[in-house]
Amino acid sequence: MKLLPDTSGLDKRKLTWTSLGALAVVFFATLPFYYDVHNGQFGVFFFNVFVYVIVAQGWNLISGYTGQISLGQNAFFGVGAYTMALLWFNDVTKTGYYFDPVLMILSGVTPFILAVLVGIPLLSRLRGDYFAFGTLGMGMIVTVLFINGGMFTGGAEGRMLVPKMPEGVVFNLRTHYWVAFLIAVLATLVVYFLTSSRVGLALKAIREDEVSAASHGINVLKYKVMAFAVGAFMAGVAGSIYGYYLLQVTPSNVLTSNWLFLPILMVVLGGTGTILGPWLGAFVIYLISWYGDSFFAGYHPIISGVVIILVMLFLPSGLMGLGQKVPGCGRGGRGSR
Amino acid sequence: MGSLAQILVNGILLGSMYGIAAIGLSLIFGTMRIIFLAQGTMIVLFAYLTYWSFEKAGIDPYLSLFTVVPLAFVMGLGLFYLLFRKAAALEDKNVSLLLAVGLMYLIDNLILKIWSATPRGLNLSYSGAVLVVGDIRVPWLRLALLGLALGSALVVYLFLKKTRVGTAVRAASEDMEATTIQGINSVWVCAVSFAIGIALAGVAGVGMATVYSFDYQFGFTFAIKALVALALGGMGNVFGALAGGLLLGIIENLAAYYIGIAWIEVASYGTFMLVLIFLPQGLFGRRALVKKV
Amino acid sequence: MNQLLEVKELSVAYGDVRALWDVSLEVEEGSIVALVGANGAGKTTLLKAISGLLRPLGGHILFEGEDLVHLNTKRRVEKGIVMVPEGRRLFQALTVLENLRLGAYLPKARADYDDSLERVFTLFPVLKDRMNGKAGLMSGGEQQMLAIGRAVMARPRLVMIDEASLGLSPILTRTIFELIVALNEQGTTVLLVEQNIHMALKVCDKAYVMKTGHMVLSGTGDELLANDDVRKAYVGERGSRL
Numbered sequence: 001m002k003l004l005p006d007t008s009g010l011d012k013r014k015l016t017w018t019s020l021g022a023l024a025v026v027f028f029a030t031l032p033f034y035y036d037v038h039n040g041q042f043g044v045f046f047f048n049v050f051v052y053v054i055v056a057q058g059w060n061l062i063s064g065y066t067g068q069i070s071l072g073q074n075a076f077f078g079v080g081a082y083t084m085a086l087l088w089f090n091d092v093t094k095t096g097y098y099f100d101p102v103l104m105i106l107s108g109v110t111p112f113i114l115a116v117l118v119g120i121p122l123l124s125r126l127r128g129d130y131f132a133f134g135t136l137g138m139g140m141i142v143t144v145l146f147i148n149g150g151m152f153t154g155g156a157e158g159r160m161l162v163p164k165m166p167e168g169v170v171f172n173l174r175t176h177y178w179v180a181f182l183i184a185v186l187a188t189l190v191v192y193f194l195t196s197s198r199v200g201l202a203l204k205a206i207r208e209d210e211v212s213a214a215s216h217g218i219n220v221l222k223y224k225v226m227a228f229a230v231g232a233f234m235a236g237v238a239g240s241i242y243g244y245y246l247l248q249v250t251p252s253n254v255l256t257s258n259w260l261f262l263p264i265l266m267v268v269l270g271g272t273g274t275i276l277g278p279w280l281g282a283f284v285i286y287l288i289s290w291y292g293d294s295f296f297a298g299y300h301p302i303i304s305g306v307v308i309i310l311v312m313l314f315l316p317s318g319l320m321g322l323g324q325k326v327p328g329c330g331r332g333g334r335g336s337r
Numbered sequence: 338m339g340s341l342a343q344i345l346v347n348g349i350l351l352g353s354m355y356g357i358a359a360i361g362l363s364l365i366f367g368t369m370r371i372i373f374l375a376q377g378t379m380i381v382l383f384a385y386l387t388y389w390s391f392e393k394a395g396i397d398p399y400l401s402l403f404t405v406v407p408l409a410f411v412m413g414l415g416l417f418y419l420l421f422r423k424a425a426a427l428e429d430k431n432v433s434l435l436l437a438v439g440l441m442y443l444i445d446n447l448i449l450k451i452w453s454a455t456p457r458g459l460n461l462s463y464s465g466a467v468l469v470v471g472d473i474r475v476p477w478l479r480l481a482l483l484g485l486a487l488g489s490a491l492v493v494y495l496f497l498k499k500t501r502v503g504t505a506v507r508a509a510s511e512d513m514e515a516t517t518i519q520g521i522n523s524v525w526v527c528a529v530s531f532a533i534g535i536a537l538a539g540v541a542g543v544g545m546a547t548v549y550s551f552d553y554q555f556g557f558t559f560a561i562k563a564l565v566a567l568a569l570g571g572m573g574n575v576f577g578a579l580a581g582g583l584l585l586g587i588i589e590n591l592a593a594y595y596i597g598i599a600w601i602e603v604a605s606y607g608t609f610m611l612v613l614i615f616l617p618q619g620l621f622g623r624r625a626l627v628k629k630v
Numbered sequence: 631m632n633q634l635l636e637v638k639e640l641s642v643a644y645g646d647v648r649a650l651w652d653v654s655l656e657v658e659e660g661s662i663v664a665l666v667g668a669n670g671a672g673k674t675t676l677l678k679a680i681s682g683l684l685r686p687l688g689g690h691i692l693f694e695g696e697d698l699v700h701l702n703t704k705r706r707v708e709k710g711i712v713m714v715p716e717g718r719r720l721f722q723a724l725t726v727l728e729n730l731r732l733g734a735y736l737p738k739a740r741a742d743y744d745d746s747l748e749r750v751f752t753l754f755p756v757l758k759d760r761m762n763g764k765a766g767l768m769s770g771g772e773q774q775m776l777a778i779g780r781a782v783m784a785r786p787r788l789v790m791i792d793e794a795s796l797g798l799s800p801i802l803t804r805t806i807f808e809l810i811v812a813l814n815e816q817g818t819t820v821l822l823v824e825q826n827i828h829m830a831l832k833v834c835d836k837a838y839v840m841k842t843g844h845m846v847l848s849g850t851g852d853e854l855l856a857n858d859d860v861r862k863a864y865v866g867e868r869g870s871r872l
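Chains as they are written, first to last, in my numbering: chain A, 1 to 337; chain B, 338 to 630; chain C, 631 to 872.
For the record, the hints were derived by calculation from the structure and aren't laboratory data.
Worth double-checking, as some hints may not be accurate.
Listed below are the simulated PhoX-like cross-link pairs for lysine-lysine, each with C-alpha atoms no more than 20 Å apart in a straight line [stated by the list, open to error]:
#1 C:K841 to B:K499
#2 B:K423 to C:K704
#3 B:K393 to B:K450
#4 A:K204 to B:K430
Sequences are here, hints too, so could you generate the full structure?
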């Protein structure tokens, strides 16, 4: 007995957002031509935002669209960064390229495999919250393993990559900016096409009611693991990009809880289960963190904490959800609009 | 320090804190289905408060129990009504999760600002006193901590079994809507559970202050250890949660001795993963968390 | 006419999905009213709205003439409106006695705890035997008795029972219905939601038929049993569906 939705309004909204999105893409793609990204303040700002967007979209896929809260994105990010670092450091591909696409893809593949290996046992047996615990545990183990990796991973000091830069190549933030932007757009497109296809329908069905989805013939485990693994792939690629930027991969810069919680916060602020939400959220959160650091050094994490709390209290459906209803309360749903 | 018995004893003593924290988590998770990741941070906060009252006013930590624990309870009620009340009713558990994270960031860094990054600890006149049984050495303070853990478990157990509100908490943990149908104020039930959880963090905090040195970063890892203890022990059982904590302590100590200190963490988190995968209802849990789709 | 409960043009929706369309219903004090209809007709939704678990889009619910709109579930239970939910929703890990105790949680009910307990044990002797056993270990029929008993502990004026016969054998269903009648004879008004239409129509004083969120028919039990449409749609040609 569904009330027929007002589709004309929806199409208009979609059109508005798509055109705004296209404009934004053009703007950011051409920015480095009229703004000195390498030396300007905002170069680093945008770069970081784009990297966060990639990780956030990954989380959005498994947690926003499929409804399985994952607390392991930082592990995948770190594994990706280390994959890139170790392969480059040990000259495994013998190309010595800077920004080697092969390495970047491989940086996505290792977390992908990890996600499949861990995801299958966890997702096949555990109720939502316990899956979250499990991913948390995985993240912790990964972190500890990398810290104790001794000769292989460089231990707590990680790997310095500066010496690996090929002859004659100069570090220019512009390259990083573009690569990060490109991958962020790609990640967004991937999420968009996945979620607007039959796959997306299955994921959303799983999020809303697993049992019902299963009874319609949806292979719940397959889709969950897939979303988890694709999200991990994205985080891994993001990790490699970040590694190329820092030129040093250590546990304290690629495995920290920042990479775990900030992407979640960004997606939730922007709007879970939306395409543009992660972008909005990333800009806002990173902006706060950026300015917080310059004006209130040392107080900035306290401010982040307060911001997270305020967002959760007053804007739980995120910025994209302003004007929409909040999904049903635990007790059985409200009838009023 | 070599004998197996000593290791086991040390493990049990270490595990008492995990156990107290786990009981608190169990109550909060049981009624509200919230992973209260800030539990560890709350414990650290109360440890700092205990430290502070000792340094400033010379108040013995065991006396602090009488101030810190009620304060913690009241704080718990406040936190619930301010922050978690609406979030607990939402379908989307992300919100409560992130609220807990925000709280954790906030308090961890407040602690950093107020007390700086220097690790703190209490040096009491009786810190060194040791009970010697055969060739096992048991520091009195750690034994007292175990006593606190057992006592807390007993108090919570009696509360749940014998009091009216406690029975309502047990009912709510099983089926919140059915509890509401009986006319019971489910918000109040959640508030009380939450407040008791924080009060238990208070107990653990006092205990931590007497025995360990701590700094502002302890919170997060401690919260996870408490989760591990809860997973080990299983949901729905106060003594199970405590046992989970003790068991975790033993596992960590065994790992430290036989494999190496650096690998303690791998042992704990590895146990966590194994339990989640192969024994999700824990050793003593009454509720099956496994769902088969 | 002493209408204990009056529902007037009630509309309820779950988000965008409308579940009840201008539904009206009256329950006279001391009577048994049956609410029947197929799965998904909105019967449980109506009970939930009366209980205060769902907030309606429009319409009124009056209890003893008083509009319930601002009262939450707890206040409605205090007024004497108690629901026995579909599927019983007992607290499986708690004992029979603890479940009953929780029924008498509120102060007024607590004051009469001993009397209520006595009443429940008289109505359902098997509960007395199983007093300290876990609710989850009892048979279907015993669980249903406990669910009703739990509601009785709240000193209800109106008991709303959702699908009492769910999962029960014909014999047990008969027993439960006999007990419901006994309860009613003691003075408690009963609103019965049932898929087992035949039994429901036999014991009730008045009945309402719902279909996809609308109230479509009403009348006495006998009238509806004799009604051709009702018989064909729900009861079957030969009459008995038991």
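Each hint, compared with the structure:
In summary, the hint linking K841 (chain C) to K499 (chain B) is not supported, as the alpha carbons are separated by about 46 Å, beyond the 20 Å threshold. Taking the CA atoms of K423 (chain B) and K704 (chain C), the gap is about 18 Å. The hint holds against a cut of 20 Å. Distance restraint check for K393 (chain B) and K450 (chain B): the Cα-Cα separation of roughly 18 Å lies within the 20 Å cut-off, and the hinted pair is therefore satisfied. Proximity of K204 (chain A) to K430 (chain B) is assessed by CA-CA distance (about 16 Å); at most 20 Å being required, the pair is judged to hold.
Checked against the numbered hints listed earlier, the structure breaks hint 1 alone; every other hint is satisfied.
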